[in-house]
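*Asks:* Quick mapping for you: the protein sequence lines, in order, are chains A and B.
To convert, count from 1 in the first sequence and add 595; that's my numbering.
To convert, count from 1 in the second sequence and add 9; that's my numbering.
Treat the hints with care, since some could be wrong.
Claimed, not checked - Only some residues are given here: those of chain B computed to face chain A with a beta carbon under 7 Å:
#, residue
1, Ala20
2, Gly22
3, Met30
4, Phe34
5, Leu35
6, Arg38
7, His40
8, Ala45
9, Gly55
What the hints assert, rightly or not - Non-contacting residues of chain B with respect to chain A, defined by C-beta distances greater than 12 Å in every case (computed):
#, residue
10, Asn13
11, Arg37
12, Ser56
Rather than coming from a laboratory, the hints here were simulated on the basis of the structure.
Just so you know, these numbers come straight off a predicted model, no measurement behind them.
For every residue, glycine included, the Cβ atom is placed at its ideal position computed from N, Cα and C.
The chain contents come next:
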Amino acid sequence: MRRLLGFLTVLGLAAGLVMGFGVAPREATQGNVQRIMYLHVPSVWVAYLAFVVVLVASIVYLVRRSETADRLAHASAEVGVLFTGLTIATGSIWGKPTWGTWWTWDARLTSVSILFVMYLGYLLLRGMIEDRERGARFAAVLGIVTAFNIPLVHFSVLWWRTLHQPPSLMAPGPAPVPGIIKAALYVNFVAFTLLYGYFLTRRVRVLRLEAEAEA
Amino acid sequence: MPDNWAFVLAAYGLAVVVLVMYWRFLVRREHELEDAGIVRQQLRQGSRDPAA
């Protein structure tokens, strides 16, 4: 099953590259540097998805005290932090040629950095508390509280005047991107979601094996 | 606007490096833990069977 998921992920990523570099046209205003979008936007999508999974798994853990839910939250937070870091880094690389700066304290960039630091704190908290059950309980509460930052990040470009462009997808009203670019984005969304699923299953298994080793 | 291919390459290159490194970390850790599990199982079986 995991091999199949891995195979589908590689296939999806290859299709995403073909769509992003072969099928989608050169963007008229930004030129080819806009192709970073096919990496940057799916990365932030995976980060959102991962943190929503942390939220749901944390609630399930607090209700049922399920170790599987705890492991799922832990693994998903780690993968989410990885993709948030990737989002910030690729955004910065994209920002330099288009905005003329690597970084600016604009609402989107600041809120996503806060999100990154908060989930980094979540992972540190898990590592700091020796009592496994207590650590899991504290992390679950933090996993729920931290999730309130996700809509703030997404809608920050609509609620405040920012340098960052409005959402390419998942925006109120018609999407501001043409059909072929949207199609390339969707293929990359699927590929990155598969990659998230693959990393998540592997990380959950590692956490299970670590728990068995400690028992 | 110029194409700035160097920036595109930097972004995709960075992503490849980070994702491959994380994948390798997961694979290695899993193998380590699986091997340790096999050793633990063999030790447990050995202690149960004193003739072995």
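*Asks:* Does each hint hold? Answer for all of them.
*Replies:* Hints, one by one, checked against the model:
Here the hint on B/Ala20 is kept, as its CB sits about 4 Å from the closest CB of chain A, short of 7 Å. Here the hint on B/Gly22 is broken, as its CB sits about 10 Å from the closest CB of chain A, past 7 Å. At its closest, the beta carbon of B/Met30 sits 10 Å from a beta carbon of chain A; the interface hint therefore is violated under the 7 Å criterion. Because the beta carbon of B/Phe34 sits about 9 Å from the nearest beta carbon in chain A, more than 7 Å, this interface hint is broken.
About 4 Å separates the beta-carbon of B/Leu35 from the nearest beta-carbon of chain A, less than 7 Å, and the hint is met. Nearest Cβ of chain A to the Cβ of B/Arg38: about 5 Å, under the 7 Å cut. The hint holds. For B/His40, the interface hint is violated, since its Cβ never comes within 7 Å of a Cβ in chain A; the closest pair sits about 10 Å apart. Proximity of B/Ala45 to chain A holds as hinted, the smallest CB-CB distance being about 6 Å (cut-off 7 Å).
Annotation: interface hint on B/Gly55 violated; nearest CB of chain A at approximately 18 Å, more than 7 Å. Listed as a non-interface residue, B/Asn13 fails to keep its Cβ farther than 12 Å from every Cβ of chain A; the least gap is roughly 4 Å. With a least CB separation of 10 Å from chain A, B/Arg37 falls inside the 12 Å interface cut-off, contrary to its annotation. The Cβ of B/Ser56 lies farther than 12 Å from every Cβ of chain A, with a closest approach of about 17 Å, so its non-interface assignment holds.
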